[in-house]
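Visitor: Chains as they are written, first to last, in this note's numbering: chain A, 1056 to 1529; chain B, 684 to 877.
Everything labelled a hint here was simulated from the structure, so no lab data went into it.
Just so you know, not all the hints are guaranteed correct.
Looking from chain A toward chain B, a few residues come up when the C-beta cut is under 8 Å (computed) [as the list claims (entries may be wrong)]:
| # | residue |
| --- | --- |
| 1 | Val-1078 |
| 2 | Thr-1084 |
| 3 | Val-1087 |
| 4 | Gln-1151 |
| 5 | Ser-1198 |
| 6 | Thr-1216 |
| 7 | Gly-1219 |
| 8 | His-1220 |
| 9 | Gln-1225 |
| 10 | Leu-1228 |
| 11 | Gly-1267 |
| 12 | Arg-1330 |
| 13 | Ala-1380 |
| 14 | Lys-1384 |
| 15 | Arg-1493 |
As a list, the in silico BS3-like pairs of lysine-lysine whose alpha-carbon atoms are at most 27 Å apart [as the list claims (entries may be wrong)]:
| # | chain 1 | residue 1 | chain 2 | residue 2 |
| --- | --- | --- | --- | --- |
| 16 | A | Lys-1456 | A | Lys-1423 |
| 17 | B | Lys-723 | B | Lys-752 |
| 18 | B | Lys-871 | A | Lys-1317 |
| 19 | A | Lys-1456 | A | Lys-1429 |
| 20 | A | Lys-1480 | B | Lys-723 |
| 21 | B | Lys-723 | A | Lys-1483 |
| 22 | B | Lys-806 | A | Lys-1344 |
If you want a taste of the chain B side facing chain A, the calculated C-beta under 8 Å gives, among others [unchecked claim]:
| # | residue |
| --- | --- |
| 23 | Asp-703 |
| 24 | Thr-714 |
| 25 | Thr-715 |
| 26 | Lys-733 |
| 27 | Asn-759 |
| 28 | Cys-762 |
Glycine residues also receive a C-beta, built at the ideal position from the N, C-alpha and C atoms.
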Amino acid sequence: MGAHSTMGGKSLFEKVWDDHVVVPETEDTPAVFYIDLHIIHEVTTPQAFNMLRETGMPVRRPDLVLATMDHSTPTEPITDLGASLDAVSDPEPANQIRAMVKNCADFGIELHGFGDKYRGIVHVIGPEIGATQPGKTIVCGDSHSSTHGAFGAMGFGIGTTEVGHVLATQCLLQRKPKSMAVNITGKLQPGVSAKDIILALIGKIGVDGGTGHVIEYRGETIRGLNMEQRMTICNMSIEAGARAGMIAPDEITIEFLKGRPKVPQGAEWDAAVERWLALASDADATFDKEVDLDVSNLEPQVTYGTNPGMVVPVSKPIPNRPGNASFTKAINYMQVEADKPMLGIPVDVVFVGSCTNSRMTDLRSVAKILDGKKVADNVRMLIVPGSQSVKDEAEAEGLDKIFTAAGAEWREAGCSMCLGMNSDKLGKGQLCVSTSNRNFEGRQGPGGRTVLASPETAAASAIAGVIADPRATI
Amino acid sequence: MEQITQFTSATTVLAIDDVDTDQIIPARYLTTTERAGIGKALFADWRFDKDGNPIAGFPLNEPGATERKILVAGRNFGCGSSREHAPWALHDFGIRAVISSEIADIFRNNSLKNGLVPVIVDKQTHQWLLDNPGAEVTVDVEACEIRLPNGTAVSFPIDGFARHCILEGIDQTGFLLQQLDKITDFEKTRSWQP
Chain A
1056 MGAHSTMGGK SLFEKVWDDH VVVPETEDTP AVFYIDLHII HEVTTPQAFN MLRETGMPVR
1116 RPDLVLATMD HSTPTEPITD LGASLDAVSD PEPANQIRAM VKNCADFGIE LHGFGDKYRG
1176 IVHVIGPEIG ATQPGKTIVC GDSHSSTHGA FGAMGFGIGT TEVGHVLATQ CLLQRKPKSM
1236 AVNITGKLQP GVSAKDIILA LIGKIGVDGG TGHVIEYRGE TIRGLNMEQR MTICNMSIEA
1296 GARAGMIAPD EITIEFLKGR PKVPQGAEWD AAVERWLALA SDADATFDKE VDLDVSNLEP
1356 QVTYGTNPGM VVPVSKPIPN RPGNASFTKA INYMQVEADK PMLGIPVDVV FVGSCTNSRM
1416 TDLRSVAKIL DGKKVADNVR MLIVPGSQSV KDEAEAEGLD KIFTAAGAEW REAGCSMCLG
1476 MNSDKLGKGQ LCVSTSNRNF EGRQGPGGRT VLASPETAAA SAIAGVIADP RATI
Chain B
684 MEQITQFTSA TTVLAIDDVD TDQIIPARYL TTTERAGIGK ALFADWRFDK DGNPIAGFPL
744 NEPGATERKI LVAGRNFGCG SSREHAPWAL HDFGIRAVIS SEIADIFRNN SLKNGLVPVI
804 VDKQTHQWLL DNPGAEVTVD VEACEIRLPN GTAVSFPIDG FARHCILEGI DQTGFLLQQL
864 DKITDFEKTR SWQP
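Build out the structure end to end from the sequences listed, making use of the hints.
Guide: As structure tokens, then:
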């Protein structure tokens, strides 16, 4: 479907795409497209394993599957999958967790389960174990698979039928998407971070602005970000409707991956680095669409509505769209008013976590703001590390002490209140400043109201008890 | 997958933009390990109050809604999460086509694998459909068009292969399995190994 230039150089996306075509697409059939890494979790795989059982098929490449449990897992400590799990989980999610253990055992897949250093959110553990590498195709039954694009991989979310396709054949049927360059320039102000960039971009192009496209984030600002900040940006590509979001690998990428368990070793490492650094888009590569964003004067961003495109700078008034039914429904649900700013609105819960913002960079930013301060009396603050290994590292740095001294809850790794599948849920009407990725109605619990923001804004708001501008505290 | 060539049905209209898959089926209903009966959770928080009673005025609660096979929705339907439970729930409820001016990529892709036809039409046709709930519309997969009550035919884009699978009622897994020799060759001959 992509109307690509066949002249001139190739983009990062085109290089990765071309490298994985097993059978080229024709008018009648999509391309047979090879997948290098399949990440699986307990929620979107049971029906796919059922399909394999019903048809007697094995998993073709269990060595290319990375399995963990994150979505419906409790964020309270458990010691075993029996009574200990039942004590902190509803029966259905507990059943799903046990089914995952059985499915992985039956099909010969290594599972990073409870007690494993690398159990955690699918998109956090892939990079930290070094399974996420430049040039790979990476899929997961989770739309935030775009996160892995930060490494110059092509990561995208798939449904459960496609999870079955990859388990059975290691391939998907795909039409080549279009390409879109997003050029980001300018130096961020203190207190403004990667999350604000991606929220501002989604506000600019809309929640469908990337539909049908693979985004490549480029420009001096991107080059200056560390890998965790780049992951925050690529993570939310799907919130602009994009198929994937990618960033060209560079020395920062190589430095991050070096020495991680799953990366090549010795001479193979040198060969891999050479291959990875050659993935960057050629100077004469062309894109189907281009967008520029200057972030020099960017304010911290907060959402006011019920999708991530309904976003405003924290001190600026919410827009007014009289006669727009979807807008009216959203601001009524959120109990906010057009023409007034979000700044100063009372907060009930602050959630720091999710595949968007649960890594060390995020936790350090939060700790810096919370250090020596107290979470406001009216606020419950949950801090949920992205993985067991993030938890270990944060505790080694003493961040957990800062969090708990401030009155925040420091919990076990998982998706937690990003999507309210375990018992971490908002109550009806509660307003939550959240570092997650979706402010859809009821996403964090039925009737809950979500305001998406950066870790810095979340921390500043936790102390203030109202939506706050982190620049005032830095 | 059931075979679909064409069908005619009155429409149900949900005139809201950017309906996300968390609304189509909230995450707390994703803890099932099966597919059967998932239609009960379709639009759970918009269809039912907290005691489980139907909310009057919600289009899918209208009399006859369970008989209707076509959902006309605001633009960018199905955005957000990749959960295939969303098309499963719509299909289980009885919906066989979703018509909008834009449909999100992953939802559209998942729908095509489950006998739910994603129909993207021009803005003018879309607006007419939004303004005329209950209109009798024919969705013709064979001809790649919908037909409005006044006889106007409006074409819609659908991937040729997905169309073939829907018309024949076959799933795409079989086609992939036929490619296993080529997949093995690819694995053996590629310049690097994952």
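Visitor: Look at each hint and say if it fits the structure.
Guide: Against the structure, the hints come out as follows:
no.	hint	verdict
1	Val-1078	6 Å, holds
2	Thr-1084	5 Å, holds
3	Val-1087	5 Å, holds
4	Gln-1151	5 Å, holds
5	Ser-1198	4 Å, holds
6	Thr-1216	4 Å, holds
7	Gly-1219	7 Å, holds
8	His-1220	6 Å, holds
9	Gln-1225	6 Å, holds
10	Leu-1228	6 Å, holds
11	Gly-1267	6 Å, holds
12	Arg-1330	6 Å, holds
13	Ala-1380	7 Å, holds
14	Lys-1384	7 Å, holds
15	Arg-1493	6 Å, holds
16	A:Lys-1456 x A:Lys-1423	12 Å, holds
17	B:Lys-723 x B:Lys-752	16 Å, holds
18	B:Lys-871 x A:Lys-1317	21 Å, holds
19	A:Lys-1456 x A:Lys-1429	13 Å, holds
20	A:Lys-1480 x B:Lys-723	22 Å, holds
21	B:Lys-723 x A:Lys-1483	22 Å, holds
22	B:Lys-806 x A:Lys-1344	22 Å, holds
23	Asp-703	5 Å, holds
24	Thr-714	4 Å, holds
25	Thr-715	7 Å, holds
26	Lys-733	7 Å, holds
27	Asn-759	4 Å, holds
28	Cys-762	6 Å, holds
Consistency note: the structure conflicts with none of the earlier hints.
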